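*Asks:* Chains as they are written, first to last, in this note's numbering: chain A, 27 to 226; chain X, 982 to 1235.
Keep in mind the hints are simulated off the structure, nothing from the lab. Treat the hints with care, as some may be off.
What the hints assert, rightly or not - Per the computed footprint, the stretches of chain X lying under chain A, defined by three or more beta-carbons under 8 Å from a beta-carbon of chain A, are:
(1) 1009-1017
(2) 1050-1064
(3) 1162-1168
Stated by the list, open to error - List of simulated lysine to any residue pairs, SDA-like, C-alpha gap at most 25 Å:
(4) X/Lys1133 x A/Asp69
(5) A/Lys127 x X/Tyr1010
(6) X/Lys1133 x A/Leu89
(7) X/Lys1133 x A/Arg221
(8) A/Lys127 x X/Arg1077
(9) A/Lys127 x X/Gly1130
(10) X/Lys1133 x A/Phe164
None of these values were measured; they are calculated from a predicted model. Built from N, CA and C at the ideal position, the CB exists for glycine as well.
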Amino acid sequence: MPIAVLIPAVFGIAFVFVILLTTVYAPRVHDVDHVILLARKLDPSDLETLLDVGEEWRLRQSLTAAAFRAAQEERILLAREYLRRLTHNTGLIQLWVMREKQQLEARKCDDGAERNSLVAEAAQLALELKIYSIVAGFKIWSWVAFRAHLWPGLLIPGVTTLRVQCGVNVIDKYRRLTGLAVALGARHGRIYQDRLLESL
Amino acid sequence: MNRLDLTIAVTGITLEVGILVLMAKRHLYRQFPVFASYIAYVILQVVLRSALLPYEHLYFLAYWITAPVEVILSILAVHESFRRVFGAFYLVRWFRFCFPGAIALAMLYSLLTGYFSPPAHAHGIYSAIISGMLMAQYVILTISIAFFGLAKLLQVPWRIHEYRIVAGFGLSSGVTALAAGVRSVFVTRFPFVSNMLPAVSYLLALGIWLSAAAYRLPPKVASDGQRPTQEDLEELVSRLRGDLAIVRGLLKRR
């Protein structure tokens, strides 16, 4: 087939494929029970400690070069694990929020206006955190792939740079997202609020 | 112009007017000003070209002046929907420059290529416009693919208006690009694909946009973060009046 026809055909197939993915294979929304059941515990304080500039500076100053490299490798792996949990929980909250949005659109609730503002903010935060996780995930992947903890002294990357990526302060945004999730959960009852607080 | 062309043209302009009317009724032009401008421009363009049809030279000029503006507006309209859904991406500093920069570079490259190496017996400017218009179809198609790909990747909640606007542009551009490819390779061998299919796909796109314009979000959702529309306010006032009448009735009974 000539290239002049092949290129638009490939573009067309790609277009139909992504349309099918977003319509026929659209993500399945779920309810608050899924969030409670499937969420992976991530305390924002732990993340804050890991991404604390002062803590990293103290480690650099107090440890020997070899010990710092070993510590930094562990810290990078820990950051990767926290990021996975964050992405997982953000995805869960996002799918639940989509369900809440659908219910709002079907006018199944009385406190719609307030819930709508919570849902809209949560959806926006989830999107920002997902973009953050893509960028931060790529950064951590490159550190692990190129064994960045073994690089010469000053070139060893600081885990603390992950705190703000593409204008998103991960700790603030995640804290706010979980806060919103708990506030939305409170509308399903006190038990849900407590269980969400425990699981997130 | 044969009967089929006339039917397509009349159907097209009817659908375009319908979209514009519904957008005005639903106040969607506030949310999608570029898309509304695009539709209004296309209507004006059709009227102008139809009026100049008997004057060959004037029609020729009008066609070559109006066509590039339509292409630019269509790119901006797709970008508008993209930005409304993925506004968060513009927090990424490099994305703010790279995304429009890549579009501008692609367009510039095609314009220069068309201008400096036109086909035999063709004027450089017209060749540049055709080349740019063809590249614009690929740009729109790429933005549409990126839009739906990112929506899937980031599990963005379904947003009827933006999704349908982008889907319409993507469909129309994809078929137009394919028709251009078929015409450049097979010349007049498949007249339906190279001549009629782009028009049919554009009508389909208009249908998709009409369905988007006809869709009305529930007031609670529609009013979120935006100024309430006149209709919402009137509905609220009439409801309050009804409630007040009930309260007055109760007070009178007591």
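*Asks:* Hints first: check each against the structure and report whether it holds.
*Replies:* Comparing the hints with the structure gives:
Coverage of the region 1009-1017 of chain X by chain A is violated in this model, with 0 residues showing a Cβ closer than 8 Å to a Cβ of that chain against a need of three. Coverage of a stretch by a chain is defined here by at least three residues with a beta carbon nearer than 8 Å to that chain's beta carbons; for the region 1050-1064 of chain X and chain A the count is 0, and the condition is violated. Counting residues of the region 1162-1168 of chain X whose beta carbon lies closer than 8 Å to any beta carbon of chain A gives 4, which meets the minimum of three for the stated coverage. Straight-line distance between C-alpha atoms of lysine 1133 of chain X and aspartate 69 of chain A comes to about 28 Å, which puts the hinted pair past the 25 Å bound.
Between the alpha carbons of lysine 127 of chain A and tyrosine 1010 of chain X the distance comes to roughly 24 Å, so the proposed pair stays at or under 25 Å and holds. Of the supplied pair hints, the one linking lysine 1133 of chain X and leucine 89 of chain A is violated, its CA atoms being roughly 45 Å apart against a limit of 25 Å. Of the supplied pair hints, the one linking lysine 1133 of chain X and arginine 221 of chain A is violated, its CA atoms being roughly 29 Å apart against a limit of 25 Å. For the given pair, lysine 127 of chain A sits about 29 Å from arginine 1077 of chain X by alpha-carbon distance, which is inconsistent with the 25 Å threshold.
A C-alpha spacing of about 22 Å is found between lysine 127 of chain A and glycine 1130 of chain X, which places the hinted pair at or below 25 Å, so the restraint holds. Among the hinted pairs, lysine 1133 of chain X with phenylalanine 164 of chain A is consistent with the structure: their alpha-carbon atoms are about 19 Å apart, no more than 25 Å.
Of the hints listed earlier, those the structure fails to meet are numbers 1, 2, 4, 6, 7 and 8, in rising order.
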